[in-house]
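*Asks:* Please model the entire structure based on the sequences and the hints provided.
Residue numbers (my numbering), protein chains in the order written: chain R, 1 to 225; chain B, 1 to 395; chain A, 1 to 276.
Hints may contain errors.
Quick partial rundown of chain A residues pointing at chain B, CB under 10 angstroms, derived from the structure [unchecked claim]:
| no. | residue |
| --- | --- |
| 1 | N146 |
| 2 | K149 |
| 3 | L154 |
| 4 | Q170 |
| 5 | Q172 |
| 6 | Y224 |
| 7 | Y228 |
| 8 | F229 |
None of these hints come from the bench; they were simulated from the model. Predicted model, so just to flag it, every value in this text is computed and none were measured. Built from N, CA and C at the ideal position, the CB exists for glycine as well.
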Amino acid sequence: MPAPDDLIIRAEGIGKTYRMGSELVDAVQNVDLSVARGEFVALMGPSGCGKTTLLNLFGCIDVPTSGSLQVFGEDVAAMKEKRRAELRLRRIGFVFQRFYLLPMLTAFENVELPMIEAGTPRRERSERSRNLLERVGLSHRLKHRPHQLSGGEMQRVAIARALSNQPDLIIADEPTGELDRKTGASILALIKELQTGGLTVIMATHDPHAAELGHRVIEMEAVRT
Amino acid sequence: MMMRVAFRNVVRHRLRTLFTVLALSMAVALLADMLMLSRGMEKTFYRVLSSVGYEVRVCPRGTLPFATDAVLEESSRVATAVEKDARVDRTLRVLGTTLHVDSIPLFTMGVEGERQSLYRVVEGHDVVSGNDILLNRNAVTAFHATIGDSLQLRRDTAGATLAFERARSARVVGIIEVAFDLPGQRTAILPIATVQELRGEPDAASFVLVKLKSTDNNFVPLDQQRSVAASVARQFPNLSVYSVDELMSALERQLAYFKQFSLILSTISLLVTFLLVAVVLTIGVGERRGEIAALRSMGFRRRSIQSMILSESALLLAMSAVLGSVLGWLLAGYLDHILTQSPSLPAGYRFFIPSWREILMAVALSGVAGIIAALLPAIQAARIDIPKTLHEEVV
Amino acid sequence: MSFNHKSCLIACILASATADVAAAASPIVLESRLAGEMHLAAGDTVSLRLPGTSSSQQFVVSGFYTPPPDPAGISRTSRQAWMPLTDLEHFSARNDRVSRFVLSLKAGANADSLLDALNSTHLGFRAYHARDVAKQSSQTFVVISNFHKAISILSILTGAAFLAAIVLLQVQELRRSLGVLRVIGISKRRIYTVVIGETVLLANVGAAAGVGVAFLVSRMVNSYYRSYFATNLVFSSIEGWHVILAFGIASLVGVVLGSIATTYLFKSEINEVLGR
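*Replies:* Spelled out as structure tokens, the structure:
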């Protein structure tokens with residue numbers, strides 16, 4: 001059992017309710033989960049079961065409407081947006097299904113972007129961007145724009161970007177969702193390799209093979225109404 | 001970096017940016033020209049009035065100088081009385097009439113004495129004797145005259161009746177330039193006594209110009225001008241007396257239309273700038289909701305997102321400022337050329353005086369309008385609901 | 001008949017409040033504005049004085065008249081009056097002198113031949129056709145009209161550029177949808193029709209709104225300047241061709257820019273269009 005200080009995520013009875021017009025919808029209900037430093041947790045479940053919502057809560061993009069959620073020891077519900085943004089910038093990296101690279105920037109510039117926001121000095125961020133892109137196997141694509149890259153290459157750039165501020169936690173939401181099997185496998189291998197180096201990873205996926213890479217697989221069900 | 005991102009966003013859609021900048025530039029140019037218009041006429045009028053060198057004008061009641069045929073009948077009495085004021089340096093009586101030389105009309109001003117600045121002698125010398133005449137260049141060309149030639153002057157209309165009217169001979173002694181001349185106008189200067197004799201109106205004057213004693217640089221404070229004008233007006237309640245700025249106020253009604261026109265068009269230009277920037281940026285933000293949500297999810301602060309949008313606005317405005325300034329300068333010349341075709345306008349008058357001051361003011365006002373217009377899309381961008389937007393982008 | 005000796009009339013009327021009418025006072029008709037400005041009524045006695053003189057003469061107000069609106073006189077601050085010619089000649093000591101004659105011709109008379117005949121007599125006057133006098137006296141307004149035209153052209157160009165930017169924005173917004181339509185095999189022709197139809201519709205809705213605003217502003221301009229210059233002149237009017245021009249330009253920009261933007265999208269990489 002991991003010591004409390006080693007817990008990056010501690011969720012107790014958390015829930016999230018959205019308003020859809022005049023209706024209230026429970027996206028997530030009564031979730032208890034702890035994630036320790038260095039763990040690789042895979043979330044599996046059918047579409048609409050709340051995987052993305054849970055990842056948004058863990059990633060401090062959203063705030064739970066019930067229960068208690070602590071990320072890096074801080075109560076998420078009590079945090080101001082500014083503090084949550086700070087955590088997202090410096091301690092959490094996101095990898096999305098749709099990559100979300102800025103189309104008018106090169107691969108290099110996309111990776112550099114979060115470091116600029118964090119105030120990293122120019123020389124350091126330039127060197128780190130280069131190293132990260134080399135690490136994900138794209139040192140020959142530095143000056144390419146997203147539309148000049150394949151799906152797998154774009155996701156690699158997104159992963160490099162997620163690592164740019166040396167986060168403690170990576171949140172990946174269906175990172176292989178838009179990729180073919182082979183490309184997806186290479187992305188998963190990359191994520192596993194990064195995790196093995198000490199990173200904590202929480203990944204949502206449909207793919208059972210992807211889920212197998214994790215230390216733990218958590219099966220989610222949709223909220224029963 | 002946000003400026004770099006903003007720049008890349010702006011040039012991402014070249015054609016759209018081109019038309020946006022074009023429209024904004026024309027709005028800036030129009031605004032600059034309207035600012036020039038509102039100041040140009042006033043500046044020119046004031047400059048020409050001041051250049052004459054007389055601060056106060058005494059006219060028949062309810063008239064402006066040369067606006068009517070009215071005359072002061074006891075002008076020397078008026079001039080003498082005015083000169084008694086210790087603040088007055090000298091007076092100049094002027095009597096206008098139309099004479100004919102070989103049936104060609106010639107606008108003639110009778111003036112008295114020397115040391116006057118109503119006109120400038122560019123060749124020859126000023127009138128001395130009653131038979132001396134000065135001509136402007138248009139008159140010299142029309143009569144094929146040179147200094148030393150004699151001209152036969154007649155009053156009243158042309159035609160056979162003139163053959164029966166006695167002519168008065170005058171000798172050309174100099175060539176002049178007159179600030180108030182209309183384009184193509186033929187003007188002559190004669191001694192006032194000669195004109196009075198020709199008109200059969202001894203001691204008449206169209207108006208009396210009054211020069212005040214000045215301190216240094218030939219400058220007389222406005223309140224002193226008004227004070228002397230008021231004093232003369234009290235002394236002669238049946239006359240109209242104007243200082244230069246009171247004369248400007250009397251002309252205000254004629255200038256009013258252009259000033260209001262310039263105000264309306266300036267307002268519209270600013271409105272166009274505001275609307276265009278607001279629309280372009282609002283739609284631009286709408287297009288990039290996913291990108292913005294991704295940036296926010298990465299930890300970009302609201303302020304950074306806002307500064308990105310405001311930077312885009314600033315870039316568009318900066319490009320428009322440069323092009324608009326050039327357009328405004330060129331347009332000013334073109335519009336001035338149109339308006340100065342007016343037949344009733346003296347040759348030296350201008351409606352538009354190209355000036356960097358007005359151009360910079362237009363750029364500044366447009367900049368403020370554009371930045372204000374960018375505020376709402378910037379705030380909207382920063383307030384994007386991250387999870388909702390990310391979800392919508394996937395769907 | 002009016003005697004164009006402005007010096008008689010400008011700001012030299014002294015209203016008399018007395019009801020006493022000098023038995024020898026001549027009649028005078030005053031401009032309507034003076035009734036309100038100087039609180040005069042028919043039957044009142046007024047004193048007129050020539051500028052620069054001290055002697056005056058009394059006249060009885062026999063009525064008021066509103067001259068037809070004259071653009072040349074909108075900034076006029078003087079007022080007009082009318083009296084029998086002989087009275088004015090006597091008053092101004094200018095016997096048997098007038099500024100001009102105006103001639104009304106018999107039906108069918110040839111004005112041009114009369115002009116030639118009069119001008120060839122060399123009797124010390126010159127004759128003009130009324131239309132030539134009008135043309136010359138309206139030169140200032142020709143200049144102002146040219147100025148307005150120049151500003152109009154600039155405004156139209158600015159508006160067209162504005163509209164072009166909006167049309168391009170609109171097509172860009174449809175980018176992804178158009179990409180999907182291409183991918184699923186919808187013909188280019190149909191896509192062009194849809195896009196251009198939408199851009200033209202948007203542009204014409206804007207034109208309609210603009211015409212509505214123009215009518216409103218035109219009324220406001222007329223109302224304001226009529227009040228300011230105390231005249232019934234029409235300063236601004238929206239005519240049929242203005243409306244046609246507005247919709248024409250809107251349609252043209254919609255068609256041309258919609259076509260250009262759609263063509264540009266067709267030439268772009270499909271992945272870029274789909275945002276992949």
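*Asks:* Hint numbers the structure violates, sorted upward?
*Replies:* The structure breaks none of the hints.
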